[in-house]
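With chain A fixed as given, assemble chain B onto it according to the hints.
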Amino acid sequence: MTAIILDGIVLGLQFGLLAAGLTLVYGLGGVLNLAFGEMAVITAMVVLFAMEAGVPAAPAVGLGLVAGGLLGLVFDLTILRPVYRRKHEARVLLSLLLTLGVAFMVEGLLNWRYPLKALSLQIGGGAIEILGVPMRRGSLLASAITLVALGGLFLFFRSTALGRAIRSVIEDEEGAQLVGIDPHLMLRLILILSGVLAALVAVTRSMVTPVNVKAGFGITVFALIVTVVGGLGTVSGAFLAGVILGVVSSIAASYIGTFLSLVILLMAAALTILIRPSGLLGVRE
Amino acid sequence: MSSRLTRATGTSLIGVAERRSSRSLLAMLAPIALVAAALALVPLWLGGSRVMMGVALLGLAFAGYAIGFNLIFGSTGQLFLCVGALAGVAGYGGAILADRGGLPILVSILLATLAAGLVGGLLSWIAVRRSLGVIFTGIITLIFSLTFENLLFGLGQLTGGEAGFQISSGAGTFLRELTPGYYLMLALVVLFLVVHGLLRRSHIGWGFRALRDDGVAAELTGVNVARYRVYAALIGAAMLGLAGATYAFTRGRISPTTFGFTQVDVVVLVMLAFGGIGSLLGPILGAVTFTAINEVLIGFGELRLLAYGALIIILFLWIPRGVIPTLGGLWRRRPSSSVDPPDDTPAPARREPG
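Protein sequence lines, in the order shown, are assigned to chains A and B. Quick note: the first sequence uses my numbering, first residue 1, plus one each step. Quick note: the second sequence uses my numbering, first residue 286, plus one each step.
In isolation and in its complexed conformation, chain A is listed as follows (with noise of 0.2 Å):
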């Protein structure tokens, strides 16, 4: 039972980072990015290349980061220009599409070009006893640099002048244009970080399972329902949303099998969302 537990944490925390680059846009721009999978799949293919041309993994890693940050400031500049000319609503519903055609292009033309690629990161040595239960090394690392990554969002979104700006454009972007932020300015910010998240989710994912050129799809839907039950623009409820899912999965999967123990998460997820829209952290509006 306990290495279920753990194997549904290494899960959730993956599920967590996953939801944190989109919850944050959404939360920040009213602005739902469902080529979130393929940015991600995107930077993979950029760290395999590079380690291909025989770069070291190490700076193969940073150079998938950077080009992460790149592509979220593409997308500010392109695609979601005529995103940010509306409200509300017509907004999101606007972005879900354009960010979908996106996601399809860019599935498409890898899938054509590559497809047979997948980015494996090898992490070398054998199991490391926690709790009395063998763990991978890569599934470790993997759920280290997520707790890092998370503890880094979550020191910058406390104690940092450029993060409470960005927390209090979440939390009313009139009130923070009266005290002289630049909301534009925060969203371009925030899709560069989200473009670095995904980045990073390429590349923990790597280390326990290959990402593939098909991958995209499948983190999109997964960050979206993960983003939808934490709560929108909370990256601590994205986490927690991603553990709790992750947990239910874990136990789902040891009983009943891969399949059902899916129906089993997203039927968890929709009661969440019927019974408390906001989100399990989210703020009711």
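Simulated from the structure, these hints should not be mistaken for laboratory data. Cβ coordinates follow ideal geometry from the N, Cα and C atoms, glycine included. Any given hint could be a false lead.
What the hints assert, rightly or not - Just the calculated beta-carbon pair ranges, DEER-fashion: (1) B/Ala595 with A/Gly218: 14 to 24 Å; (2) A/Tyr114 with B/Leu612: 30 to 40 Å; (3) B/Ala448 with A/Trp112: 25 to 35 Å.
For chain B alone, kept in the frame of chain A given last:
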């Protein structure tokens, strides 16, 4: 109430391609008859090729899906991302009832259609009761789609899992011959069009239009928004189910990809965006166009996905009313721009500064 206010007004992206229906019944039925006649000639042209007839049959099934989705999304602004799943509920349901339950095919199809309609109505009822906006309705229905797909895999002994379901009922009858199957599907599509056309002319249609244009205003003037949404979902989902179940029996083999999200929902969305969301004949035009485009692009494999993505962006960015209504609007504007001004300056392009 305040959250409901902001949620209900956000649907202005949806096309306002419908024209005022103060015309006679004949004016509504004539274009449908014309479309039916044109589509009825297709087997004479393609009849020699089994492959091409299969493509045409699938195209008609998609036309049926697009009409059902149009009724739900176009008429009442509910973003149902479970078109394939609802069709699949009926497709698999009908196949299982007939093959494993031993029921006659007609009874199976009708029961399966009823089931799809009830599921659609239930989803809509939940969304209305919890006053979920467009986005949350989309997410809940997307979760339903994924749940359905995983159930198909998980209940492999019942559904055949990834390998698919070989339907033995109806084998060797006219259903499996492509030309009669095609005409059966065509009859359904015409039926759907007539039902949708009649609905638009009835008081229900006025309710639809009122709540789609401005849900809050509609509610304030006494339109029962909740009831109309659920009606539209019930009828639209039943259409999806009837088309899905009929398609299953005419092809004789279904698999999870027959009703998959990328294979059905995305394609239907593009078809509808192309033909004009909310217009009566838009789904047909979209389905015919994209079935043809798909055939042309079939040699390009994965690049088709790229084309679909690009089209989604182009359509929603520059032609949100749909290609056909936009062209029609350009055509109509020249001779008589003063006759019908409210319809020619639609809301979707409404832009706010900033």
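### Query
Could one say that the CB atoms of A/Tyr114 and B/Leu612 fall in the range 30 to 40 Å?
The hinted range 30 to 40 Å holds for A/Tyr114 and B/Leu612, with Cβ atoms some 39 Å apart.
### Query
Range hint 14 to 24 Å: satisfied by the CB atoms of B/Ala595 and A/Gly218?
The hinted range 14 to 24 Å holds for B/Ala595 and A/Gly218, with Cβ atoms some 23 Å apart.
### Query
Given a hinted range of 25 to 35 Å, is it respected by the beta-carbon distance of B/Ala448 and A/Trp112?
This hint holds: roughly 27 Å between Cβ atoms.
Of the numbered hints stated above, none is contradicted by the structure.
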